[in-house]
Every structure is written in C-alpha cells, then in structure tokens.
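Chemist: One letter stands for each residue in the lines below.
2 protein chains.
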Amino acid sequence: MNKSYAIGVDLGATNLRVGVVGSDGKIEAQAAVPVGSVKSADSIAALIGEHVWVMQEQVSLPIAGCGCGIPGIVDHERGIVYSSPNFPQWKDVEILKLLKKEIQIPVIIDNDANMFALAELMYGAGRGHKNLIVLTLGSGIGGGIVIDGKIFHGDRGFAGEVGHIVVEPDGVPCGCGSMGCLEQYAASRAFVHLVKRLPKKEKDSILDRVGQDPERLTALFVADIANEGDPAAKELWRFFGRYLGIGIASLINTLGITTIIIGGGIARSWDLFIDATRAEIVSRTYKKNAENLKLLKTSLGEFTGIVGAASAALSPPL
Amino acid sequence: MNKSYAIGVDLGATNLRVGVVGSDGKIEAQAAVPVGSVKSADSIAALIGEHVWVMQEQVSLPIAGCGCGIPGIVDHERGIVYSSPNFPQWKDVEILKLLKKEIQIPVIIDNDANMFALAELMYGAGRGHKNLIVLTLGSGIGGGIVIDGKIFHGDRGFAGEVGHIVVEPDGVPCGCGSMGCLEQYAASRAFVHLVKRLPKKEKDSILDRVGQDPERLTALFVADIANEGDPAAKELWRFFGRYLGIGIASLINTLGITTIIIGGGIARSWDLFIDATRAEIVSRTYKKNAENLKLLKTSLGEFTGIVGAASAALSPPL
Numbered sequence: 074m075n076k077s078y079a080i081g082v083d084l085g086a087t088n089l090r091v092g093v094v095g096s097d098g099k100i101e102a103q104a105a106v107p108v109g110s111v112k113s114a115d116s117i118a119a120l121i122g123e124h125v126w127v128m129q130e131q132v133s134l135p136i137a138g139c140g141c142g143i144p145g146i147v148d149h150e151r152g153i154v155y156s157s158p159n160f161p162q163w164k165d166v167e168i169l170k171l172l173k174k175e176i177q178i179p180v181i182i183d184n185d186a187n188m189f190a191l192a193e194l195m196y197g198a199g200r201g202h203k204n205l206i207v208l209t210l211g212s213g214i215g216g217g218i219v220i221d222g223k224i225f226h227g228d229r230g231f232a233g234e235v236g237h238i239v240v241e242p243d244g245v246p247c248g249c250g251s252m253g254c255l256e257q258y259a260a261s262r263a264f265v266h267l268v269k270r271l272p273k274k275e276k277d278s279i280l281d282r283v284g285q286d287p288e289r290l291t292a293l294f295v296a297d298i299a300n301e302g303d304p305a306a307k308e309l310w311r312f313f314g315r316y317l318g319i320g321i322a323s324l325i326n327t328l329g330i331t332t333i334i335i336g337g338g339i340a341r342s343w344d345l346f347i348d349a350t351r352a353e354i355v356s357r358t359y360k361k362n363a364e365n366l367k368l369l370k371t372s373l374g375e376f377t378g379i380v381g382a383a384s385a386a387l388s389p390p391l
Numbered sequence: 074m075n076k077s078y079a080i081g082v083d084l085g086a087t088n089l090r091v092g093v094v095g096s097d098g099k100i101e102a103q104a105a106v107p108v109g110s111v112k113s114a115d116s117i118a119a120l121i122g123e124h125v126w127v128m129q130e131q132v133s134l135p136i137a138g139c140g141c142g143i144p145g146i147v148d149h150e151r152g153i154v155y156s157s158p159n160f161p162q163w164k165d166v167e168i169l170k171l172l173k174k175e176i177q178i179p180v181i182i183d184n185d186a187n188m189f190a191l192a193e194l195m196y197g198a199g200r201g202h203k204n205l206i207v208l209t210l211g212s213g214i215g216g217g218i219v220i221d222g223k224i225f226h227g228d229r230g231f232a233g234e235v236g237h238i239v240v241e242p243d244g245v246p247c248g249c250g251s252m253g254c255l256e257q258y259a260a261s262r263a264f265v266h267l268v269k270r271l272p273k274k275e276k277d278s279i280l281d282r283v284g285q286d287p288e289r290l291t292a293l294f295v296a297d298i299a300n301e302g303d304p305a306a307k308e309l310w311r312f313f314g315r316y317l318g319i320g321i322a323s324l325i326n327t328l329g330i331t332t333i334i335i336g337g338g339i340a341r342s343w344d345l346f347i348d349a350t351r352a353e354i355v356s357r358t359y360k361k362n363a364e365n366l367k368l369l370k371t372s373l374g375e376f377t378g379i380v381g382a383a384s385a386a387l388s389p390p391l
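Heads up: the sequence lines are chains A and B, in that order.
For the first sequence, the numbering used here begins at 74 and goes up steadily by one.
For the second sequence, the numbering used here begins at 74 and goes up steadily by one.
Accuracy of the hints is not assured; some may be wrong.
As the list claims (entries may be wrong) - Okay, the calculated beta carbon distance ranges per label pair:
no.	chain 1	residue 1	chain 2	residue 2	range
1	A	S356	B	K269	21 to 27 angstroms
2	A	K370	B	A352	38 to 44 angstroms
3	A	K274	B	K273	34 to 40 angstroms
4	B	K164	A	K273	45 to 51 angstroms
Unchecked claim - Covered stretches of chain B (chain A as the covering partner; in silico rule of three or more C-beta atoms under 8 angstroms from a C-beta of chain A):
no.	segment
5	237-250
6	358-365
To be verified - Covered by chain B, according to a simulated footprint, are these stretches of chain A (three or more residues, beta-carbon under 8 angstroms):
no.	segment
7	224-235
8	325-337
Hints listed in this document are in silico derivations from the structure and should not be mistaken for laboratory results.
Think of the CB as a built atom: it goes at the ideal place given N, C-alpha and C, for glycine as much as any other residue.
Please build the complete structure, drawing on both the sequences and the hints.
Modeler: In structure tokens, the structure reads:
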C-alpha cells in the first residue's frame with residue numbers, strides 16, 4: 074500500500090496542535106499555536122481552518138483528509154460537541170459543520186482522548202492489543218476505550234468518561250454535578266482535596282510551603298517537592314495513586330480489559346504514583362487479571378493527539 | 074428462514090434449568106432439577122448431560138445444539154471456568170471438554186449473566202438496542218454487556234463483573250479480595266451491612282425483629298417487612314437503591330450506554346429500590362445520558378437464562 078497522509082488536529086485549552094502525519098504514523102510537519110482568548114466555536118473553527126491550510130501549504134504532499142480531536146463530549150457521528158470543559162460556552166455545537174466550511178478536504182471529529190487511544194493502538198504502547206483502555210491525566214481525566222481494535226463510542230459518543238467513575242460516594246463535588254468522581258482525586262486538582270487526609274503535622278508542613286493555601290497545591294508543585302524528598306508530598310502522590318488504582322480496578326472488573334495506558338501531563342510523575350496504583354489494582358481484581366495487567370505509560374510524545382487524529386482520518390471510511 | 078431449535082441450560086447454585094427453545098425465543102419444553110450436594114465439575118457435567126438427553130427424548134424436534142450458562146468467570150472461547158462463586162472448588166476447570174463427553178450435539182458455554190443479556194437483547198426488554206447493560210441481582214451481582222449487538226467478553230471472558238465496581242473505597246471486604254464492591258451493598262447480603270447506617274432507634278427496631286442478628290436480614294425478609302410498611306426496612310431499600318445507582322452511574326459514565334436492564338431474584342423488589350436508584354443515576358450522569366436513560370426490569374420470566382443460552386447456541390458460528 075502506498076503511504077498516504079492526513080492532517081491531525083489536537084485542540085487543547087491553551088494550545089492548538091496541528092500536524093501532517095503519514096499512514097506509518099510519522100509526523101512530517103507540526104506546529105503548536107496558542108488558542109487565545111476568543112473561544113467561540115466559530116472562531117475556533119476558523120483558527121483550525123487557517124492552520125490546516127498553513128500545513129497544507131507547508132508540505133507538498135497529497136493530503137487525504139483531516140481529523141480533529143476535541144476535548145469534551147463529542148458525538149463523532151452527528152458531528153456535535155455536547156459540552157467541553159475547556160470551552161464552557163459550547164452547548165450542542167455543530168462543530169463539524171463549522172469545520173467543513175473552513176476546511177476543503179474531508180474532515181472528521183472525535184473526542185481528544187479517543188484520538189490519543191487510536192495513536193497508542195496503532196503506533197504506541199497499545200500495538201498488538203485488540204482491547205485497551207487509555208486514561209489521560211491532566212486538568213481532568215480523559216478516557217478512550219478500544220474494543221476489538223476500534224474506538225468504542227457508546228450511545229451518542231458518551232463512552233470513556235472514566236473521570237466520572239465514582240470513587241467516594243459522598244466525596245468532593247465535581248463539575249459534572251456528581252460527587253466523588255475519580256477526576257477529583259487523580260487529576261490536577263487532586264492535591265487540593267487529598268491534603269486534608271494527611272496527619273496534622275504533615276498537612277501543616279506542606280501547607281506552610283504554599284502560604285496555607287491548598288489551591289496552590291498543583292500537581293506540578295507537589296511533584297517538584299516530592300522529587301526533592303518531601304515525605305508529605307510523597308504521601309499525597311500515594312493517595313493519588315491509590316484512587317487512580319481504585320478507578321482502574323472498577324474499569325478492569327467491568328470491562329475485563331487488562332491493557333491500560335496512561336498519558337497526559339501528569340503521567341510525567343509516573344514514578345511518584347504508579348506503585349500505589351498497581352498495588353490497588355492487584356488487590357481489587359481477579360488474580361488472572363492482575364497477572365495479565367499491563368499498566369503502561371504512553372510511549373508517544375506530546376504530539377500523540379495529532380497522530381491519532383490523523384490516523385482516524387486515514388481509517389476507512391473517510 | 075425455517076425455525077430451528079436448541080437446548081438451553083442455566084446452571085444455578087440450587088437448581089439446574091434445561092429447556093428446548095426455538096429460534097423465535099419460544100420455550101417448547103422445560104424442566105428444573107435440583108443440583109444436589111455433589112458439585113464436582115465431573116458430576117455437574119454428567120447431570121447436565123443427563124437432562125439434555127431427557128429433553129432431546131421429550132421433544133421430537135431437530136436440535137441444532139446446546140448452550141450452557143454457568144455462573145462465574147467463564148472463558149467461552151477456551152471453554153474454561155476460572156472460578157465460580159457457587160462452585161468454589163472449581164479452579165480453571167475445562168468444563169466444555171467435560172460437557173462434550175456427555176452431550177452428543179454441538180455445545181457452547183458462557184457466563185450465565187451473558188446468556189441472560191442475550192435473551193433480553195433478542196426477545197426481551199433490550200430488543201432494538203445495539204448497546205445495553207444487564208445486571209442480575211441475587212446472592213451476588215451478575216453482569217452482561219452488549220456492544221454492537223454482541224456480548225462483550227473482554228480479555229479471557231472477564232468482562233461484566235460489575236458486582237466488583239468499587240462503591241466504598243474502604244468498605245466491606247468482598248469475597249473477591251477487594252473491599253467496598255457493589256455486590257456487598259446491592260445484592261442479597263446488602264442489608265447485613267446497610268443496617269449499621271440506620272439511626273440507633275430504627276436500627277434497634279429492625280434488629281429486634283431478627284433477634285438482634287443482622288445475618289438474618291435477608292433481602293426477602295427486608296422486602297416483606299418493607300411491603301408491610303416498616304419505615305426502617307423501607308429506608309434500607311433506599312440505601313440499597315442508592316448504591317445500585319452509584320454503580321450504574323459509573324457504568325454509564327464509562328460505557329456511555331443508557332439502556333440498563335435489571336433482573337435476578339431481587340428485581341422482584343423493584344418498587345422498593347428503583348426510585349432511589351434512578352435519582353442517584355440522574356444526579357451522577359450527563360444530562361443527555363439521564364434524559365436517554367432506560368432503566369428496565371427484565372421482561373422475561375425465570376427461564377430467561379435458558380432462552381439466552383439456547384439463542385447463543387443458535388447464533389452463528391455454532
């Protein structure tokens with residue numbers, strides 16, 4: 074088969090990443106541009122259109138199509154974004170229609186974590202697996218579920234919202250309206266809540282470093298001081314890892330899928346949480362699942378999203 | 074297409090149900106026989122073989138094959154039961170091989186809740202849905218997940234163990250080795266634990282009715298006194314319903330599937346728990362999922378399992 078090319082788009086809260094990707098998964102050209110402050114669906118579609126055009130001009134390659142990964146609840150079939158944490162004003166936006174006005178090649182959309190999962194499946198840690206689950210740990214938790222080699226979308230595109238598995242029945246209120254969702258305990262805001270679980274002395278010591286303001290306990294900060302050896306910070310990462318393990322155990326018991334790939338910015342702190350995560354999964358799943366567990370860190374770089382989005386565009390039927 | 078026939082077998086802890094079922098889902102003949110006390114895999118296979126033969130003799134119909142629903146972790150492809158709560162001595166039993174020695178027509182096996190789900194999909198409350206989730210509430214919680222019109226088995230047959238979704242991270246120890254599993258809070262032993270949550274006065278009043286022995290708070294007993302109007306018993310069923318709703322909300326957020334069918338003996342107490350379950354699901358899932366929620370009671374009778382098992386045997390490839 075001849076090599077073909079597509080443009081992959083990964084829309085983030087702050088950056089838009091665009092790239093030309095071959096059917097071998099190789100990135101031929103790429104760019105990251107700031108999203109800016111105007112976040113209406115029209116202006117975002119125009120921004121994407123502009124940079125897709127720039128990419129097309131930049132490479133002299135035949136481009137078969139364009140895939141766009143969008144954060145939020147994406148109905149890939151109807152081309153609608155029902156809601157998006159990064160673009161709170163988007164409600165039932167017909168983004169595909171807007172994109173088609175801006176882009177002169179075939180366009181498809183999907184949830185960004187689904188695009189990420191597709192990249193891992195085709196070119197990354199998930200190669201050779203027909204079933205896998207991807208979690209992206211960042212400001213929230215994204216999820217992608219691959220079943221029999223294909224992204225599973227569920228009814229109307231709502232599959233994979235694994236950040237909203239309930240891990241504490243009467244826990245912290247979540248932006249989704251529920252309480253005790255996994256993403257309150259194993260994403261960037263986790264430490265704001267988890268710090269309350271520390272014994273008083275450890276709690277005081279870590280809060281002293283942020284002027285007693287728990288809101289300043291970002292994942293980056295807690296990782297930095299944990300890596301410097303701070304015992305309270307290390308303990309917080311173990312709490313984080315434990316909750317992540319509880320959520321993943323529920324996923325494994327539900328789906329019987331034992332290949333789990335973790336990405337997103339917080340995956341960089343892998344060594345700080347993964348032992349606690351693994352121990353929790355092993356203690357909460359059947360022996361055979363625990364034996365077969367593959368708990369893997371994303372093997373692709375920060376451009377995983379565009380590789381997945383482009384590969385979705387290259388997959389039939391385009 | 075001509076009508077074809079298969080034998081469906083549903084192996085329970087106390088009874089073995091066997092029936093001849095047509096490709097229209099109609100039961101032509103059926104029987105329930107006690108399993109007895111000898112529960113080795115060999116003797117169970119012999120018992121099944123005997124009653125399959127009895128059924129074949131009883132009806133003068135061409136029988137295409139036999140499907141057996143077995144409780145526990147069933148690897149339908151390899152024909153192995155890894156473990157079964159009702160047959161604790163079974164470990165990695167090659168039950169299909171044993172059954173094939175006893176039964177002279179093509180035989181297949183699967184988890185009993187998967188067979189149940191297949192019956193609901195083809196002839197019951199799930200007709201016309203391509204994705205659905207079935208939960209059977211009894212001594213434990215069985216689960217079957219239908220994706221794109223087919224049972225999803227996961228890796229090695231472990232999909233659908235929804236009774237082991239974690240609903241209380243530090244909750245009651247479960248037979249599976251984990252803690253706080255859904256089936257400790259929304260199956261037959263739930264009330265033994267849930268009674269502790271009642272205010273002292275209500276707790277004492279309900280425990281007085283069972284000689285202060287919480288182990289005697291069976292689902293049947295608590296249903297009986299709730300139906301007589303006992304307020305503490307009604308409250309216990311609301312606790313039960315709430316936990317069931319938490320578990321189902323995690324399932325809906327993970328899978329994006331909004332057709333949920335509930336069966337098993339405890340489904341008979343539907344009116345006692347379902348309002349609390351529905352309220353919990355609605356408060357914990359996305360609005361569009363809540364709007365599309367179909368929370369359905371099994372529409373087939375106690376022979377659902379044999380209908381599903383027979384229909385699995387009639388589905389290609391047999």
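Chemist: Where does the structure disagree with the numbered hints, that is, which hint numbers, in rising order?
Modeler: none
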